[in-house]
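This is what each chain is made of:
Number of protein chains: 2
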Amino acid sequence: MYKAPVDEIAFTLKHVAGMADAANAGVFGELGEDLVDAILSEAGRFATDEVAPLGEVGDRQGSRLIDGAVKTPEGWRDLYHNWIQGGWNGLTAPEVFGGQELPHMLHVAAMEMWNSGSMAFALGPTLTMGAIEALDRHGSDFLKATFLSKMVSGEWMGSMNLTEPHAGSDLGVLKTRAERCGDGSYRIFGQKIFITWGEHDFTDNIIHLVLARLPDAPAGTKGISLFLVPKFLVNEDGSLGARNDLFCHSLEHKLGIHGSPTCTMIYGDGKFGDEKGAIGYLVGEENRGLACMFTMMNNARLAVGMQGVAIAEAATQKAIAYAKERTQGRAPGWSGQGMSPIVEHPDVARTLLTMKALTQGSRAIAYACAHAVDMAHASEGEAARHWQERSSLLTPIAKSFATDAGVDVASMGIQVHGGMGFIEETGAARYLRDARIAPIYEGTNGIQAIDLVTRKLPLSEGRQVRGFIGELRDVAQAVAASNRQEFGETAARLETSIADLEEATDWLLAALGDGRTAEALAGATAYQRLFGLVLTGAYLAKGGLAGAGDGKEEARVALCRFAAENLLAETAALKDRVVTGADSLAAARFILD
Amino acid sequence: MYKAPVDEIAFTLKHVAGMADAANAGVFGELGEDLVDAILSEAGRFATDEVAPLGEVGDRQGSRLIDGAVKTPEGWRDLYHNWIQGGWNGLTAPEVFGGQELPHMLHVAAMEMWNSGSMAFALGPTLTMGAIEALDRHGSDFLKATFLSKMVSGEWMGSMNLTEPHAGSDLGVLKTRAERCGDGSYRIFGQKIFITWGEHDFTDNIIHLVLARLPDAPAGTKGISLFLVPKFLVNEDGSLGARNDLFCHSLEHKLGIHGSPTCTMIYGDGKFGDEKGAIGYLVGEENRGLACMFTMMNNARLAVGMQGVAIAEAATQKAIAYAKERTQGRAPGWSGQGMSPIVEHPDVARTLLTMKALTQGSRAIAYACAHAVDMAHASEGEAARHWQERSSLLTPIAKSFATDAGVDVASMGIQVHGGMGFIEETGAARYLRDARIAPIYEGTNGIQAIDLVTRKLPLSEGRQVRGFIGELRDVAQAVAASNRQEFGETAARLETSIADLEEATDWLLAALGDGRTAEALAGATAYQRLFGLVLTGAYLAKGGLAGAGDGKEEARVALCRFAAENLLAETAALKDRVVTGADSLAAARFILD
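Order-wise, the sequence lines are chains A and B. Going by the UniProt record's numbering, the first residue of the first sequence is number 1, and it counts up by one from there. Going by the UniProt record's numbering, the first residue of the second sequence is number 1, and it counts up by one from there.
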């Protein structure tokens, strides 16, 4: 059973992701290290003792649609109410609405642990937090006063309604329409699909944020507006009023995250209310809805990245426990009685260490991204711009690398379990089934790669990415300067991989500069992975260099060396794919016609 | 919906895997090319029109245990009977028992297509064929006369009972016991798990082959005997007699292949018959059971490899069809109206071409392995030994590379489908769920790597593998000599990767020679993948060089180039892991304690 790795998480925050800098910058306000540790520890306890034990039942029972209402798995409603009573829902929300305004670094760490316990459960609150953020930034005073406090406390949950059958990655073509009522409110009509936690029995009201198009809106993404559409209208005294004209038509039957209801939502077909049309309130300005969504898109992408880290951690723990217990065959050098635990077989040990390295690398990348978000909030002027760029640069890498790691590590976990891994009751298969959505939603990893290459590399004419590569090189040099034999070839391997990253970056920037976009995009996914691998190597090295005095230094150095001497060798092939792969792709493209 | 790629399969058999050589060696007897084509075509038709349409229902309904009997999915029993009426069950079986003694090359090609249609369905007959082979090679005349004809016709199916809860990869510790009855028969007692198609409603009788231990047997693998244990005893006139003392206790709830019942079988607990103990008949000699199993193990491993090829092919077809139909966004250079089909996006095109290359590479490796099996059967003396070694060398690579490709390609297929890929009704997720068992059963891919490195590389003191590498080099040189610009850098890339393979091979042989087994095993999995990638490159090149005159030459050359310039770059990292990875693994091993 999953046990939250609170110490490892705290170490990564403090010694790898830059928590000390953030504290100096005032990100943590008056929050001392003791309180940070206490929060992490309690979040970990909740994940370990309360969420994780209900993960399996959620997978088995799933959420079900019965007579138009969604019944969540046994015990989940109570779990949610225990969770909001712990104050977790408002962790980063504004104090004025009852939140705690804690730094994003703490939030992602806590999210990781809850998602390890049950990704399907933790997903619901994640969407509410996104809705809170959009509303806080763009909502009118009326909307904030009416909805925010109850969303921050968790009394009401939120949902995000973007996708339509023909409009997934490309929201510009969405058709849901909004009509002005003349009194400042709107009527919404349309169908939304893949709406996560769009309907459920956790809370009495559900606050939907819905993208729709006004009759006179320009075509494409510039004609999309954002509306708040509550399941129940709210009276002036804050009590619940009439049922709004919207409902959950059906639930998807999915590969994983069965506990999380994925809804088709119908707005304005006259099922409820006297007049057709779901009543909605504009968030932000008309036709500026996509901008409102974008303000929270980055954090949502990082949140999905945390799901990848979370599954990777849980799957690794499970596989290691099994490999130490299960005996089979005699490993070379095994001197014990009878069969050896399978962890003694070199192939199994290599798999487990790879799982550990990918998990910790992903974690460090994601936390570093949260650090940049926090620093941007706490800074001004040039510094704010720098950190804003850094978080923008890191977001697609964190999202894609961590979610790919989630899938890969979960699959390796099944393999370590042998035949038992294929049996559902073992629980290893669930991790793969759950993990598989994360590289897809909140922008597929292919779209992250397009974003990374075409929008993030050019930030400050490439100075942001080049500066970052310089920082990574400093880490490699610090390893070299440490003269510690236990690092093996880490410094040299890291240097080589950083050079690969630099060469690929230069090539891409040149291609973009020349307008060779298709060529640049041909290698975008390879580049994204290359970047993630180099960051994994660099952050593990940073961890190895940190003298945390916790008795785990040797293990960190050994894992860093393992990653450098085994995983980083891949960067040459990835760089090669970026720099030379476009021609062969273009030449072979006709095969698919 | 899957459509059997009969032309592609025939091309690979003829122009890549060496069907012409085999024909010259007499492997095909009087079978002309027309008849070969007709057989492939009809196998493909059956897979496309009859098996594939029932794949989804099998997954959804699964096989269920009701009152001790297994009910297979709707339509499957009829499907099976149509299939055996087509004579497919006896394809490679001896003529004297009603089989057709066709070459293995044809068999694997047909198996691929049926498995693409439904892996869960095709798995049952695969096990029967294994049982037929074991019985034909090692069974007494009495056993053959009593059981073989009906197993060859398909009137009765077979099953293989090896695994016990504590004895999976390591059969030496199995506990199922056999007692001599004094009349030449035995009584069997014990529990077997993970017994594929151990109970079902396809046939009136099921012929179980069961590994068990005699009371006076030596410990370990040298004390295991093989028994034939029929579900119903057979009277002298061939009619069914009493129910034997064995039953299916439960079915596993699995990630995939839901239609295939995975049974826990109980032998000899007194549920049936007057006296406790399931009646069994010795196959081969006492205590030589494992040797009997090994004779068919190689073919079973290749059969599992075919499942990997099969899923990869089906997943690729599905993803390409979706990518051509689904429109979203505007790809760079897209000049059409509105959104472009997603296949126009470079990242999607790259993914699809990678899927194609891995599928066709896996197919070629597996067919080449079947070719070697056929050549060994048709040859004598030194030639027979050579081909026997070649098939032994290729088997672990075919099994592991193709089954890894099955999982990877199925996962890529989900990704191409975006959110729809996560919805079960789409069907892309089923391929991943089904594919995930193949790297595990019939010897995990980690065990295949141990087998490859410790048993196959040393064949003929390394001359077998070195000779093979020499043949691959000839292909690279032929590409260079062709002077066709369309090959791009194929020749150079292939040369480099072959050099990687050679260096890794030399290193491993030296390590084994020095008794550094643990070091050799540390890189075994990386070596196995390295070998598979080089073979993929070489076989695609062989296909590209073949002037088949079918109008697909250009496509083959382009795919070969794509693979060479994109996938082969990985071989350097894999070689590196073999040659230098052991130290860092040893240094990091303590982390897992």
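Possibly wrong hints are sitting among the right ones.
Calculated pairs, DMTMM-like style, for lysine to aspartate or glutamate (alpha carbon to alpha carbon, straight line, at most 25 Å) [what the hints assert, rightly or not]: (1) 175(B) x 325(A); (2) 71(B) x 424(A); (3) 144(B) x 56(B); (4) 144(B) x 183(B); (5) 276(A) x 236(A); (6) 324(B) x 164(A); (7) 71(A) x 183(B).
Derived from the structure by calculation, the hints contain no laboratory data.
Hints, verified against the model:
A hinted pair counts as satisfied when its Cα atoms are at most 25 Å apart, and residue 175(B) with residue 325(A) qualifies at roughly 20 Å. Using a Cα cut-off of 25 Å, the hinted pair residue 71(B) and residue 424(A) holds, with the two alpha carbons roughly 20 Å apart. At most 25 Å may separate the alpha-carbon atoms for a hinted pair to count; residue 144(B) and residue 56(B) exceed this at roughly 37 Å. Restraint check for residue 144(B) and residue 183(B): satisfied, since their Cα atoms lie roughly 18 Å apart, inside the 25 Å limit.
For the given pair, residue 276(A) sits about 22 Å from residue 236(A) by alpha-carbon distance, which is consistent with the 25 Å threshold. For a cut-off of 25 Å, the pair hint linking residue 324(B) to residue 164(A) stands: about 19 Å separates their Cα positions. A hinted pair counts as satisfied when its Cα atoms are at most 25 Å apart, and residue 71(A) with residue 183(B) does not qualify at roughly 63 Å.
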